[in-house]
Amino acid sequence: MLSLPEMGLYFSFLLFLIGLFTVMFRKNILVMMLGVEILLNAANLAFVSASRITGTMDGQVVMFMVMAVAACEAAIGLAMIISLYRAKASVEADDLKLLRG
Amino acid sequence: MGFQEIVFFVMGILAVALGGCLATRRNPVSAAMLLISLMVVLAGMYGMLDAHFAAVAQIIVYAGAIMVVFIFVMMLLNLPPEELRFGTLTVGEIILTIAGIGVAVALGTKVGQGYLVSALQLSEARAPLLPETENLRNVAATMFTDYLWSFELISFLILAAVIGAVVISKRRHGHAESA
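So the sequence lines, in the order shown, correspond to chains A and B. Counting from 1, position 10 in the first sequence corresponds to residue 10 in my numbering; the numbering is continuous, with no gaps. Counting from 1, position 88 in the second sequence corresponds to residue 1088 in my numbering; the numbering is continuous, with no gaps.
Honestly, I wouldn't trust all of these hints.
Said to hold, decoys possible - Pairs of lysine-lysine residues, derived as DSBU-like cross-links and limited to a Cα-Cα distance of at most 30 Å, are as follows:
| id | chain 1 | residue 1 | chain 2 | residue 2 |
| --- | --- | --- | --- | --- |
| 1 | B | LYS1170 | A | LYS27 |
| 2 | A | LYS88 | A | LYS27 |
| 3 | A | LYS97 | B | LYS1170 |
| 4 | A | LYS97 | A | LYS27 |
| 5 | B | LYS1170 | A | LYS88 |
These are computed hints drawn from the structure, not numbers from a lab.
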């Protein structure tokens, strides 16, 4: 019998797997960024669950910091995607071969 | 299994199902809509974990601000639906994936739990339930004492990100066509 925070940790693991799958196997850069958001949210769920387990507030404060970092990541990433779209008229990761990646 | 556990379990399954739908969606805009629903469900889970401030911030900041920017950019670019090409996995990659999931599950079960309990010096007994109105006060007290320096650094990071976004997406008239 699991308590709520323990279940939260398991669900955060499952969400992290889904986010990892999205980042690794999708070709559209916008959807890959959505996958990164899922990864950050899975980490946040783990932080909040751990905060509930320990009874301290540190996890929730760190979760707030992660949220701010996610906002920065979205701003920079979307600016880069718009700039790439102007240059290449595509948001497919396969079309970006300038670095021979 | 009490009522709270059942509701939390259903919400978690719903979150995972929404994530699964997102990962296989062809249209980026519907993927973003699914992510918004996922964030709202996660906000409910935070609320059940007594993190009321986290729940509200999740809805306002994530679902209300970040995802709106995502959808704004998607509609600005006006993309056609993507062809789903997941690529072909080699046998080695499949074996590595299964091994990785196995290790993670093993860590998540009793072995890992015992390690976590000793590493974090948790007692097996539950932490006491915090009074409902105290969450915001406690978060604020922690954030502005122990984490004050991190908080100021984060504000600086956001400033840098805004400037960076403007610089990156600026149209350069001199050599825009050669890019």
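Comparing the hints with the structure gives:
no.: 1; hint: B/LYS1170 / A/LYS27; verdict: 25 Å, holds
no.: 2; hint: A/LYS88 / A/LYS27; verdict: 15 Å, holds
no.: 3; hint: A/LYS97 / B/LYS1170; verdict: 22 Å, holds
no.: 4; hint: A/LYS97 / A/LYS27; verdict: 13 Å, holds
no.: 5; hint: B/LYS1170 / A/LYS88; verdict: 16 Å, holds
Going down the numbered hints, you'll see the structure goes against none, and every one checks out.
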